[in-house]
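J.: Sequences listed follow chains F and Z, in order.
Numbering follows numbering that gives the first Met the number 0, with no gaps: position 35 of the first sequence is 34.
Numbering follows numbering that gives the first Met the number 0, with no gaps: position 87 of the second sequence is 86.
Mixed in with the good hints there might be a few duds.
Said to hold, decoys possible - Covered stretches of chain Z, going by a simulated chain F footprint (3 or more residues, C-beta under 8 Å):
(1) 144-155
(2) 179-191
Stated by the list, open to error - Examples of chain Z residues lying across from chain F (beta carbon under 10 Å, computed):
(3) Q158
(4) N160
(5) A161
(6) A176
(7) E256
Derived from the structure by calculation, the hints contain no laboratory data.
Since the model is a prediction, treat every value here as computed from it, not as a measurement.
The beta-carbon is built from N, C-alpha and C at its ideal position, and this holds for glycine as well.
So the chains spell out like this:
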Amino acid sequence: MFAGPLQDLIDELSKLPGIGPKSAQRVAFHLLKAPADDAAALARAIVEVKDKVRLCRTCFNVSDQELCEYCRDPRRDATVICAVQEPPDIVAIERTREYRGLYHVLQGAISPIEGVGPDDLRISELLSRLRPTAEDRPPVEEVIVATSPNVEGDATALYLARLLQPLGVKITRLASGLPVGGDLEYADEVTLGRALVGRRSLSA
Amino acid sequence: MRVATLALEDFRNFVRQQTGLGAGINLIVGRNAQGKTNLLEAVHCLSGLGSPRGPDHMLVRSGAERAVLHADVVRGPRHVRVDLEIRPGRGNRALLNGNPVPSPRALAEVCSSVFFGPDELSLVKGSPEGRRRFLDDLVVGLRPARETLRREWERILRQRNALLRSMPRERGAAATATATLEVWDEALCRVGAELTAARLEVLAELAPYAAKRYEAVAGGGRLELAYASTWAPAGEGNVAALQSALQSALQEARERELERRVSLVGPQRDDVVVMLVSAGDPAGEARDARAYASQGDQRTCALALKLGEHDLLSDATGEQPVLLLDDVFSELDPARRRWLGGAVAAVDQTVLTSAEPDALDIGGVARVIEVRAGELRDAQ
Ligand SMILES: [Zn+2]
């Protein structure tokens, strides 16, 4: 145990994900030795992120305004919504530059072990985006379910598919395939099996 | 195949140790609680498929953040360097000849072993869980990529059980919960059917090998293996058929599951039944060894199953796995001891522990290694 403020900092840091007591101590001592300006900048950034960043009213992406940059952008294709688990997933999809539609951040995946059920996710908000409204928006024609390719992501995708089916919207799931640059021989059978199921035609 | 050298860092009670291992029989001696079994466990971990004795975090010496194993493996004409870093909670890492592999289970293609300890000796009379684990380990041993299937299955089962535990008691009050349960049902049926098909496939492959070993030691009689399941139709190995069978079984069990708040049907409740036809009555019917065989016969069955596993893996991969025997000889009567000794003599490499090496009665020991308080030294 260290004296007051130092121990407080270590305690706070070790609450962060992926940071154990040892790393927390290392970071704390690093900050202690850092120039006062650097430490102040970090403290300011933490305060500002809580102060200014909020969730987009429509899609629940992070934003510094009421609507996020994608929901504000009139050039985005509003007939397609890509549902993801967390905001960083949007960043990953944007990096591909393959997608021009809108997003919906579910804020997690169904996981009974962690006590997360459909009601804890932004699913009802997604549903209301699919209902025809008086606004002059074109109706949504397709929902791409881009949850993680694991047990929880699959369950969430299946739940959404069943829920959205009656609405007459096209529902697609990201193909889970083989990692590019990986060796086929090391691919596990589940991945390989799913890649086979989701195969696409090469002939015209 | 064989392991030529093994170095351990922060593995169980070993801080930093290394040893050479010979072809043939390697005898690990030392008093109890010195680390003899830990050394066998380290060899087993070189397959990248985890320990037969417990979760990864138990493998790391207390106070250390990770355990590391290095080994030189001789496989036919090839010499392969294997490095494995065990980092609980952060994912293990492995190198083959210094090159990173995408998953530690890739090591299983190079280095495999069959572990046989006191738990395995009671395979027949022990719990169904032990027999399921034996079968699932063999599924993964034969096809390492199926480790993913097994992990996915375990995760789905845990999720579904967690959901059942949290389901509201009052009926009709929870449309969302019911819809969520249906989603997990579908996952359970899909992956459960795949797992069951894989088990049945492997059991059919194992049966002739185990029967042959049994006949050799029992001097007659016949060992048969059957898959016991409350939901899978007998003889059905088709994944789609198993999936729909599991679906109907779940439907039927719905009320009971909601009542008991736990998954009641599926591969997690299945079992392997070892059946024996006695040597004296070859035309007689096969009887459940668990209920009808003597303790000695049950042990013979367990030996036949484990040596059959070794034979199957040898044939399937073209290389003999290392045979790891943890204090098994002392539990056997002289006749079975001699028989096991004979079987061991034909294996490329065996590593066995004994607290009483003088009572072992096996010839041709290549190397004796003494373990004392987590330190290894040659004792010959
Ligand atoms: Zn938005």
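J.: Of all the hints given earlier, name the ones this structure violates by number, lowest first.
T.: Structure breaks hint 7 only.
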